[in-house]
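Asks: Chain S is fixed; fit chain P onto it per the hints.
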Amino acid sequence: MTSGGVLRRMGRSEAASGLAMISPTASYAILLLAAPLALIFIYSFLTDGYLEIIRTFTFANYLEAWTNELYRVVMLRSLMVALTVTAVTVLLAFPVAYFVSFHVDPSRKSLWLFLITIPFWTSYLIRVFLWKVILGYNGVVNSGLLGLGIISEPLQWINYNVGAVVVTLAHAYAPFAILPIFVALEKIDRSLLEAGQDLGESRFMTFLRVTLPLAMPGVIAAVLIVFIPTIGDFVTPQLVGGPEGRMVANLIQLQYLKLDNYPLGSAIAVSAMVIVTVVSLFFLYLNRRYLRGPES
Amino acid sequence: MRGGWFKVYALVYLVFLYAPIILLPMFAFNDATVIAFPLSGFSTKWFAALADDPPLHDAVRNSLIIAVTTAILSTTLAVFAARASTRYRFPGKAGLMGLIMLPLVLPEIIVAVSLLSILLMVGIELSILTVILGHVLICTPFCIAILSSAFQSLDRSLEEAAYDLGETSFSTFRLIILPLVMPGIISSLLISFTISLDEFIIAFFLAGTQATLPVYIFSQFRFPQAVPVIMALGTILVCLSVLLLSIAEFFRRRGLARSGTKDTGGFL
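From first to last, the protein sequence lines stand for chains S and P.
Under my numbering, the first residue of the first sequence is numbered 136, with each subsequent residue one higher.
Under my numbering, the first residue of the second sequence is numbered 255, with each subsequent residue one higher.
Treat each hint with caution, since some may be false.
Just the calculated beta-carbon pair ranges, DEER-fashion [stated by the list, open to error]:
id, chain 1, residue 1, chain 2, residue 2, range
1, P, 356, S, 194, 50 to 58 Å
2, S, 420, P, 270, 47 to 55 Å
3, S, 421, P, 420, 51 to 59 Å
Chain S regions said to be covered by chain P (calculated; three or more residues, Cβ under 8 Å) [claimed, not checked]:
id, segment
4, 150 to 162
5, 165 to 171
6, 298 to 311
7, 334 to 342
8, 362 to 371
9, 406 to 420
Below, in silico cross-link-like pairs of lysine to aspartate or glutamate (EDC-like), each with a Cα-Cα straight-line distance of 16 Å or less [claimed, not checked]:
id, chain 1, residue 1, chain 2, residue 2
10, S, 244, S, 149
11, P, 261, S, 240
12, P, 347, S, 149
13, S, 393, S, 187
14, S, 244, P, 503
15, P, 299, P, 285
It is worth saying that the hints were derived from the structure and are not from the lab.
Quick reminder that beta carbons are idealized off the backbone N, C-alpha and C, glycines included.
Same shape as in the complex, but just chain S (with noise of 0.2 Å):
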């Protein structure tokens, strides 16, 4: 019989049968992700009353958003912070990711990914909460330090502060950076690296202008994983950053639950979104231009 028959026997077309199959996913990630996306945004332009939302169309929130020194202040630091968080990451994780892609025997590859996997799928609030018990003032590190004498007094400069926030959050996004790198590492051809040994390149040289391109996509893969989550990351500031490391989600959170602020509180969450989306299309930018052609 003809895929003719098969279809006719199905009695729809391809595209109206795709199309059925995929209406209930389709239909609730529109009612429940676009619909109240498309509600923050109209939010964003709306007066903020005495328990209701005033519908006069204004730019004030943007406003107050953008040139207000203490909003600016945490927004500015939150793009920091991630922007770190991703590099300390990202750079930590590819010596990882090499080395099981390129030197671990494959039949315990998976073992190494199942063991760098295990902690990112633990509890990410206890693990937030274990920094805040290991770098707080009566902390892991201070009470040993001072047990065995190292020290006289607790040490202040590693808890409470943006630096804590880095440390903690680069711990917790640590496996998200390694599975893109690995996979792009695993695809690269390994007749093309004896090809540039052959050719007299140096192992390093053969790195540089070999294996470092050809996993260019899966780095990109990896800040993208590390960045988006890190900037909108709520509990690591909250817990560990002190008054000094507040991010934007504590800032949307203050406006929202506890202002009851929800035009300014959008506006800051659009905000927070157009400064993802500008920066992970900087780095897709960076990545075609890396590869020098149309591949993404």
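Replies: Showing chain P alone in chain S's frame:
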């Protein structure tokens, strides 16, 4: 020597990954209220304290209801989407799939506040149900990622053979396709269950008065005397998630073995 310095580095890196988690059982079994070195003695009283904590039990029950419902709903929705995207071509496919997968690249706080806004506008009261709505949204993309690879490795000719032998499209799905993608479905259920159980920010915004386990844990962080109990709870949670993940990994590997594809490594 294979790897040499790389191997040393990778092992140090693993130690860094696991270091904080090692502290959990150390302080959970430590006989002191203060979390500090040196350890003072062995005790199981913090675990005993867990048994006598009604708000914690409510939170666990809420979390389990939410996680089980989320796992079933998001896997079901993901089966539709994964099947549609791997089997059919249709107009608007890229856009619709992009929207469905969007939560993967959206900070969760944005999902939380936008859902909160629309629920309050429509006038739906915050409860377990609203948390489920949010969790299904963020779990579905993970489930689709797992299930797409399961559906992709299906041989189309098996399905056509079933049609030729007179099966309807529904019975073909039930008799041929479903058994073949079953390992993918099980690992999708387990992963979405784990994500939902651990999710904090959406539950924090949408739970109302019905706290989930992470929301309860977060509320306990304010009280220094509750810290050892949280350590005991954390120890149990870590053991449970390692167990769940080992089961998920087992089914994932069995699925790969069944469809004969090469193992490309972990789930993410």
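Asks: Hint by hint, say whether it matches the structure.
Replies: Comparing the hints with the structure gives:
1. For the hinted restraint 50 to 58 Å between residue 356 of chain P and residue 194 of chain S, the CB-CB distance of approximately 26 Å leaves it violated.
2. Evaluation of the 47 to 55 Å hint for residue 420 of chain S and residue 270 of chain P yields a failure: the beta carbon distance comes to about 32 Å.
3. In this structure the supplied range 51 to 59 Å holds for residue 421 of chain S paired with residue 420 of chain P, their Cβ-Cβ distance being about 55 Å.
4. Coverage of a stretch by a chain is defined here by at least three residues with a beta carbon nearer than 8 Å to that chain's beta carbons; for the segment 150 to 162 of chain S and chain P the count is 11, and the condition holds.
5. Counting residues of the segment 165 to 171 of chain S whose C-beta sits closer than 8 Å to any C-beta of chain P gives 6, which meets the bar of three, so the coverage hint holds.
6. Under a criterion of three residues with beta carbons nearer than 8 Å to beta carbons of chain P, the stated coverage of the segment 298 to 311 of chain S is upheld, 4 such residues being counted.
7. Note: the segment 334 to 342 of chain S has 0 residues with beta-carbon separation from chain P under 8 Å; the three-residue rule is not met and the coverage is violated.
8. With a cut-off of 8 Å between beta carbons, the segment 362 to 371 of chain S has 7 residues touching chain P; three or more are needed, and the interface restraint holds.
9. Counting residues of the segment 406 to 420 of chain S whose CB lies closer than 8 Å to any CB of chain P gives 4, which reaches the minimum of 3, so the coverage claim holds.
10. About 40 Å separates the Cα atoms of residue 244 of chain S and residue 149 of chain S, which puts this hinted pair outside 16 Å; it is violated.
11. With a C-alpha separation of about 12 Å, the suggested pair residue 261 of chain P and residue 240 of chain S falls inside the 16 Å cut-off, and the hint holds.
12. Annotation: proposed proximity of residue 347 of chain P to residue 149 of chain S holds, straight-line Cα distance about 12 Å (limit 16 Å).
13. The straight-line distance between the Cα atoms of residue 393 of chain S and residue 187 of chain S is roughly 15 Å, inside the 16 Å bound, and the hint therefore holds.
14. The straight-line distance between the Cα atoms of residue 244 of chain S and residue 503 of chain P is roughly 13 Å, inside the 16 Å bound, and the hint therefore holds.
15. Restraint check for residue 299 of chain P and residue 285 of chain P: the C-alpha separation of about 8 Å stays at or below 16 Å, so the hint holds.
Against the hints set out earlier in the document, violations occur for numbers 1, 2, 7, 10.
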